[in-house]
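Peer 1: Going down the list, the sequences are from chains A and B. When the letters of the first sequence are read in order and numbered with this note's numbering, they come out as residues 24 to 131. When the letters of the second sequence are read in order and numbered with this note's numbering, they come out as residues 1230 to 1344.
Simulated from the structure, these hints should not be mistaken for lab results. A hint or two may mislead.
To be verified - Some chain B residues well away from chain A (every beta-carbon gap over 12 Å; in silico):
hint	residue
1	L1307
2	Q1314
3	V1344
Claimed, not checked - Derived lysine to aspartate or glutamate pairs resembling EDC-like cross-links, with alpha carbons at most 16 Å apart:
hint	chain 1	residue 1	chain 2	residue 2
4	A	K65	A	D105
5	B	K1243	B	E1288
6	B	K1286	A	D80
7	A	K65	B	D1267
8	A	K102	A	D117
9	A	K102	A	E38
10	B	K1300	B	E1281
11	A	K68	A	D105
12	A	K68	B	E1332
13	B	K1300	B	D1255
14	A	K102	A	D62
15	A	K25	B	E1281
Virtual Cβ for every residue (Gly too), placed ideally from N, Cα, C.
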Amino acid sequence: RKEVEQDPGPFNVPEGATVAFNCTYSNSASQSFFWYRQDCRKEPKLLMSVYSSGNEDGRFTAQLNRASQYISLLIRDSKLSDSATYLCVVNPTDKLIFGTGTRLQVFP
Amino acid sequence: NAGVTQTPKFQVLKTGQSMTLQCAQDMNHNSMYWYRQDPGMGLRLIYYSASEGTTDKGEVPNGYNVSRLNKREFSLRLESAAPSQTSVYFCASSEFYRTENTEAFFGQGTRLTVV
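So that you can see chain B by itself, here it is in the shape it has in the complex (with noise of 0.2 Å):
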């Protein structure tokens, strides 16, 4: 069960570079979020998309952008990386938000680097 599935798992980033994290879940779930992570902070919410053809910014929506490609696929784009970007990315997938038996599935995370 592949469940999802984030890459890369590792980038280097110089500053100013732009780069996609790429997302993918198999469990036909609705919806879909990106969180960064940082020590002290707990995961915050970048983006997300409560279903196919809608996306919401999060907490810190700022110098990202994402695209729900398809039911799968959710990718989430730097287009000018800095050094404050530097962080841990999970994505994250439910079946449906309002439910008590919501669990939401978890990538493996991207560990960033902007240097």
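Only chain A is shown next, with the shape it has when bound in the complex (with noise of 0.2 Å):
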């Protein structure tokens, strides 16, 4: 079992329509939760980190739950630019592990 495992979609979507993404990990130790963004033979980014207890940027909502070790990123009114692959990250002890990531189309 891979230690972060993601839906691979592609998630096709409207603009404006409400996206989610889930993301379960194996490493119940782990600490630090991320979500990167990665547009097309580019470098990840980080998009948000994720809180314990939840936290909001803008359009963009993550959500942990440790009991069940799966994390989540919901978009709200997705935009063209929002078309890119959605990684989850996890860093059980002194590394950073990469989920296969979930890619996005939003399309007009």
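Build the complex: two chains, separate frames, hints provided.
Peer 2: Now the structure itself:
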């Protein structure tokens, strides 16, 4: 079983839609959690950290459920510019482990 | 702001050749990482260095070696390249692990083809 698992998608949604991505992790000792965004053929960049109490940044909301070892990302009012791959990242011990990513395509 | 600088950006090798990918960061980060990214596989950790003077294997270390030359630099060496090592390689650094605010910064990647 992979340490971090995501649905690879793709998710094809119209502009304005709400879309949710899920991620599960296997190491219960993991301490930090993140969502990264990666555009085609570019390096990943931090979208947002995921805090224990959940957190929101504009149209983006991240949730963490430690008991179920589950992380989610909700994007409201999708824009064309949100089209990208979203990577779930977990920090067990002293390394960063990436999920395979979920591809989002927003269409007009 | 340079951030994380990787060289080269592109490389074609013949099977059996060796090469070193260079990575340097100017953010005074403790931790540095090497990943490879293949279609449908996401980023897989090759090696990492939690602090200057230490290196550890990640998920896919076979066929690679690393050197943490100093706090700024972390190089990845392919001693005898194989076609299976054709991939995009990313170097990354972060301030400190185990905090919610640790952000990893990535280099622009090296696109390596082994023929």
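Peer 1: For each hint, tell me whether it holds in the structure or not.
Peer 2: Hint-by-hint comparison with the structure:
1. L1307: It holds; L1307(B) is separated from chain A by about 20 Å at its closest Cβ, greater than 12 Å.
2. Q1314: holds, 19 Å
3. V1344: holds, 20 Å
4. K65(A) - D105(A): holds, 15 Å
5. K1243(B) - E1288(B): Judged against 16 Å, a Cα distance of about 25 Å means the pair is violated.
6. K1286(B) - D80(A): violated, 35 Å
7. K65(A) - D1267(B): holds, 13 Å
8. K102(A) - D117(A): violated, 35 Å
9. K102(A) - E38(A): Holds, at roughly 5 Å.
10. K1300(B) - E1281(B): holds, 5 Å
11. K68(A) - D105(A): Cα-Cα ~13 Å, so holds.
12. K68(A) - E1332(B): With a Cα-Cα distance of about 9 Å, the restraint between K68(A) and E1332(B) holds, given a limit of 16 Å.
13. K1300(B) - D1255(B): Distance ~9 Å between K1300(B) and D1255(B) Cα, so the pair holds.
14. K102(A) - D62(A): holds, 14 Å
15. K25(A) - E1281(B): Answer violated: K25(A) to E1281(B) is near 28 Å, above 16 Å.
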